[in-house]
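Chemist: Based on the sequences and whatever the hints tell you, model everything.
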Amino acid sequence: MKFFDIFFATHFFVLILSIRAHTPGTVTIDSLTFNKIVRNFDVVLAKFDDKYPYGEHQDQFKKFAESVANTKNLLLVEIPVTDYGEKENQQLATEFKVTKTDFPVYKLFLKGKYKPINYTGDKTEDGLKHFLSQHTSKE
Numbered sequence: 001m002k003f004f005d006i007f008f009a010t011h012f013f014v015l016i017l018s019i020r021a022h023t024p025g026t027v028t029i030d031s032l033t034f035n036k037i038v039r040n041f042d043v044v045l046a047k048f049d050d051k052y053p054y055g056e057h058q059d060q061f062k063k064f065a066e067s068v069a070n071t072k073n074l075l076l077v078e079i080p081v082t083d084y085g086e087k088e089n090q091q092l093a094t095e096f097k098v099t100k101t102d103f104p105v106y107k108l109f110l111k112g113k114y115k116p117i118n119y120t121g122d123k124t125e126d127g128l129k130h131f132l133s134q135h136t137s138k139e
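Counted from 1, the sequence shown has number 104 at position 104 by the UniProt record's numbering; the numbering is strictly sequential.
Careful: at least some of the hints might be erroneous.
[Unchecked claim] Straight line, CA to CA, 25 Å or less: simulated DSS-like cross-link-like pairs of lysine-lysine:
id	residue 1	residue 2
1	Lys123	Lys62
2	Lys100	Lys123
3	Lys115	Lys36
4	Lys115	Lys87
5	Lys97	Lys36
6	Lys72	Lys100
7	Lys62	Lys129
8	Lys100	Lys115
9	Lys72	Lys113
10	Lys97	Lys107
11	Lys72	Lys36
12	Lys87	Lys36
13	Lys123	Lys113
14	Lys107	Lys72
15	Lys63	Lys123
16	Lys36	Lys111
17	Lys129	Lys72
18	Lys72	Lys87
19	Lys129	Lys113
20	Lys87	Lys107
21	Lys63	Lys129
22	Lys87	Lys63
23	Lys111	Lys123
24	Lys62	Lys107
25	Lys36	Lys107
26	Lys87	Lys100
27	Lys113	Lys97
28	Lys129	Lys100
29	Lys72	Lys62
30	Lys51	Lys100
31	Lys62	Lys100
32	Lys72	Lys111
33	Lys51	Lys129
34	Lys97	Lys72
35	Lys97	Lys87
36	Lys129	Lys97
37	Lys129	Lys87
38	Lys51	Lys123
39	Lys129	Lys107
40	Lys63	Lys51
Simulated from the structure, these hints should not be mistaken for lab results.
Modeler: In structure tokens:
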């Protein structure tokens with residue numbers, strides 16, 4: 001009976017974490033889908049982060065994602081990076097010089113340009129909105 005309780009509790013915890021892993025208004029991508037996404041969308045804001053992010057930065061990102069969800073030609077993507085097991089998306093993190101100590105890291109990809117624009121501002125809803133506006137406004 002004790003084994004069943006532990007088994008059930010473990011699977012329930014994993015289920016809860018997997019539900020939290022996706023932020024509404026975003027698409028989760030990996031190293032296999034990265035180029036396909038970046039090449040085919042006008043504006044892609046990529047968030048490199050832990051597989052199961054939490055805390056104030058994640059709360060701010062959720063607000064941001066919700067507020068820009070209907071923005072034409074913009075796709076928000078999350079790239080979960082792990083440094084254990086399969087080392088999920090570690091190759092992308094290395095390629096774009098993303099380190100775990102800097103999480104979350106935001107990079108803006110504009111169609112036709114492979115080199116992203118690095119976000120260095122406050123990791124807040126308003127900061128991200130300003131950054132996006134600054135680099136995507138038509139003049």
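Chemist: Could you run down the list of hints and mark each one as holding or not?
Modeler: Against the structure, the hints come out as follows:
Under the criterion of a C-alpha separation no larger than 25 Å, the hint pairing Lys123 with Lys62 is consistent with the structure, at around 11 Å. Straight-line distance between C-alpha atoms of Lys100 and Lys123 comes to about 15 Å, which keeps the hinted pair within the 25 Å bound. Our distance criterion of 25 Å between C-alpha atoms is met by Lys115 and Lys36, whose separation comes to about 15 Å. For the hint linking Lys115 to Lys87, the alpha-carbon distance of about 23 Å falls within 25 Å, and the restraint holds.
A hinted pair counts as satisfied when its Cα atoms are at most 25 Å apart, and Lys97 with Lys36 qualifies at roughly 20 Å. Annotation: proposed proximity of Lys72 to Lys100 is violated, straight-line Cα distance about 31 Å (limit 25 Å). Between Lys62 and Lys129 the alpha-carbon distance is near 12 Å, which keeps this suggested pair within the 25 Å criterion. For the proposed pair Lys100 and Lys115, the alpha carbon gap of about 20 Å is at most 25 Å, so the pair holds.
The hinted pair formed by Lys72 and Lys113 meets the criterion: a straight-line CA distance of about 19 Å does not exceed 25 Å. Of the pairs offered as hints, the one joining Lys97 and Lys107 holds, with about 11 Å between alpha carbons and a cut-off of 25 Å not exceeded. A hinted pair counts as satisfied when its Cα atoms are at most 25 Å apart, and Lys72 with Lys36 qualifies at roughly 19 Å. A hinted pair counts as satisfied when its Cα atoms are at most 25 Å apart, and Lys87 with Lys36 qualifies at roughly 21 Å.
Taking the CA atoms of Lys123 and Lys113, the gap is about 24 Å. The hint holds against a cut of 25 Å. The hinted pair formed by Lys107 and Lys72 meets the criterion: a straight-line CA distance of about 18 Å does not exceed 25 Å. Under the criterion of a C-alpha separation no larger than 25 Å, the hint pairing Lys63 with Lys123 is consistent with the structure, at around 12 Å. Restraint check: the Cα-Cα separation between Lys36 and Lys111 comes to about 11 Å, which is no more than 25 Å; the hinted pair holds.
Between Lys129 and Lys72 the alpha-carbon distance is near 14 Å, which keeps this suggested pair within the 25 Å criterion. Distance restraint check for Lys72 and Lys87: the Cα-Cα separation of roughly 33 Å exceeds the 25 Å cut-off, and the hinted pair is therefore not satisfied. A C-alpha spacing of about 21 Å is found between Lys129 and Lys113, which places the hinted pair at or below 25 Å, so the restraint holds. Annotation: proposed proximity of Lys87 to Lys107 holds, straight-line Cα distance about 20 Å (limit 25 Å).
Pair hint Lys63 plus Lys129 holds up; C-alpha atoms about 11 Å apart against a cutoff of 25 Å. A C-alpha spacing of about 28 Å is found between Lys87 and Lys63, which places the hinted pair above 25 Å, so the restraint is violated. About 24 Å separates the Cα atoms of Lys111 and Lys123, which keeps this hinted pair within 25 Å; it holds. Between Lys62 and Lys107 the alpha-carbon distance is near 17 Å, which keeps this suggested pair within the 25 Å criterion.
Between the alpha carbons of Lys36 and Lys107 the distance comes to roughly 16 Å, so the proposed pair stays at or under 25 Å and holds. A threshold of 25 Å between alpha carbons decides the hint, and for Lys87 with Lys100 the separation of about 12 Å falls inside it, so the pair holds. This hinted pair checks out: Lys113 and Lys97 have alpha carbons roughly 17 Å apart, not beyond 25 Å. This hinted pair checks out: Lys129 and Lys100 have alpha carbons roughly 23 Å apart, not beyond 25 Å.
Taking the CA atoms of Lys72 and Lys62, the gap is about 18 Å. The hint holds against a cut of 25 Å. Taking the CA atoms of Lys51 and Lys100, the gap is about 11 Å. The hint holds against a cut of 25 Å. Restraint check: the Cα-Cα separation between Lys62 and Lys100 comes to about 20 Å, which is no more than 25 Å; the hinted pair holds. Between Lys72 and Lys111, the direct Cα distance comes to roughly 14 Å. Compliance with the 25 Å bound is thereby established for this hinted pair.
With a C-alpha separation of about 23 Å, the suggested pairing of Lys51 with Lys129 holds against the 25 Å cut-off. A C-alpha spacing of about 29 Å is found between Lys97 and Lys72, which places the hinted pair above 25 Å, so the restraint is violated. Using a Cα cut-off of 25 Å, the hinted pair Lys97 and Lys87 holds, with the two alpha carbons roughly 15 Å apart. Only pairs whose Cα atoms come within 25 Å are accepted, and Lys129 paired with Lys97 is accepted, the gap being roughly 23 Å.
A C-alpha spacing of about 31 Å is found between Lys129 and Lys87, which places the hinted pair above 25 Å, so the restraint is violated. Proximity of Lys51 to Lys123 is assessed by CA-CA distance (about 18 Å); at most 25 Å being required, the pair is judged to hold. This hinted pair checks out: Lys129 and Lys107 have alpha carbons roughly 13 Å apart, not beyond 25 Å. The suggested pairing of Lys63 with Lys51 holds, with an alpha-carbon distance near 19 Å, which does not exceed 25 Å.
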